[in-house]
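Undergrad: If you want the building blocks of each chain, they are given just below.
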Amino acid sequence: MSYLELRHVSKIYGEGPTEVQAIQDVDMSVEAGELVAVMGPSGSGKSTLLTIAGSLEDPSSGQVLIGGAALSKMSRADKSRLRRRSIGYVFQDFNLLAGLTAAENVSLPLELDGVNARKARSIGLAALEELGLGEEASRFPDELSGGERQRVAIARAVVGNRQLLLADEPSGALDSVNGEAVMRLLLAVCRRGVATVVVTHDAQLASWADRVVFIRDGRIVDQTLPPTAPESLLQSGPPRNGPGR
Amino acid sequence: MSVRHALLALLSEGPKYGLQLRQEFEERTGEVWPLNVGQVYTTLQRLERDGLVESDDAAEEGPQKGFRITPRGADELAAWLRTPPDLSMPPRDELVIKVLVAWRLPGVDVHEVIQTHRRYLVELMQQWTHLKEDEAQFDLGFALAVDAELFRLDSVVRWLDTADGRFRRAAAEPPAAARPAMPRMRRRVGVRR
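Those protein sequences? They're chains P and Y, same order as listed.
When the letters of the first sequence are read in order and numbered with my numbering, they come out as residues 1 to 245.
When the letters of the second sequence are read in order and numbered with my numbering, they come out as residues 1 to 193.
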């Protein structure tokens, strides 16, 4: 069953002459353990789609279901709880708190959810270690490189038992080697059973996904087919001219 | 890929047999470029004819025949490594031509044509990335060969994205009153024969 499902979702900002249709009639579903990339240019509606999928904004029409439950039928308190416990967010600019160490940043969502500080720290530390970031635990964000900060932000996004991970241009500010490290980490998290959505304009990032959904002018216009055996690429070396070229 | 110069590079490390050269070539290129043994021997014979390698005269043709690089071969290798490939003129690119043709054709949605190619390229990139995901952590040569292919495909996707954006802007803006004269060089882009 899909963990995340969007049914005929539209979002309109403003009204009258200033009305902007940010997304239109979007249908999309993401399974547990599946990595889906939403690829489109600036202004195509991909970030709006992500904030609606993460219950940070309500759609103007249509339904969002997370874990089978419709967001429209939840109270504000239920949605807050869902965001604290089940959904992780990763943004381009990391959003780590400068005055807290990496471990404190990672354990913060648990503390805010009422877990006692000592237990939260130990879970946070374990999350960092699981993702190969144990050595960064006691360092402050300004002592970390951009790539390390983003990996800590991913650890924070998945600490506890999150089932949905939403990332908006997660490696936008990083070079390609660090960008790849971030995508490897997202994929590792995803393979533990977390439904993962990455929105990006970057084909190299999108190519890490199981499925790439293309968005243009707020509409989903296309998606990639399930991948064929990649080993076939090695039979004849790199293709110099693909079909249709 | 210059098999000729790759073999010279391997021989610059010391004398080697034909089969050994084939095996090492495939290892160094992450097995992305398979090479048949016939290609190796034909290339070695040409290198020997040109005085760039020497073989054990006494040995018979076959896997046990050893080859070594000559001083001329070493000079050739050094010059090749530092000679940029000819990228000064754009090649005739079939995809560019298809998109330009689609733009002018009545009844054809150029954005749909662009998306068809974009999807195909991203699917190819997914396959290459998947290979890297499985193996690249352990083999630097393989990772670099796959990266080269991913960057090449990515540059085509970026061009498609740019074309898509330019067509959209062009459709939204009124046509310019007068076109400035284009330098001749620009008109030649994409039409190398």
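Treat the hints as calculated values from the structure; they're not laboratory data.
None of the values given here were measured: they were computed from a predicted structure.
Ideal Cβ positions, reconstructed from N, Cα and C, are used throughout, including at glycine.
A hint or two may mislead.
[Said to hold, decoys possible] Here are some of the chain Y residues that sit facing chain P, going by a computed Cβ distance under 7 angstroms:
(1) 108
(2) 110
(3) 113
(4) 115
(5) 125
(6) 126
(7) 129
Undergrad: A separate judgement is required for each hint: does it hold in the structure or not?
TA: Structure-based check of all given hints:
{"no.": "1", "hint": "108", "result": "14 angstroms, violated"}
{"no.": "2", "hint": "110", "result": "13 angstroms, violated"}
{"no.": "3", "hint": "113", "result": "10 angstroms, violated"}
{"no.": "4", "hint": "115", "result": "5 angstroms, holds"}
{"no.": "5", "hint": "125", "result": "4 angstroms, holds"}
{"no.": "6", "hint": "126", "result": "5 angstroms, holds"}
{"no.": "7", "hint": "129", "result": "4 angstroms, holds"}
Checked against the numbered hints listed earlier, the structure breaks hints 1, 2 and 3; every other hint is satisfied.
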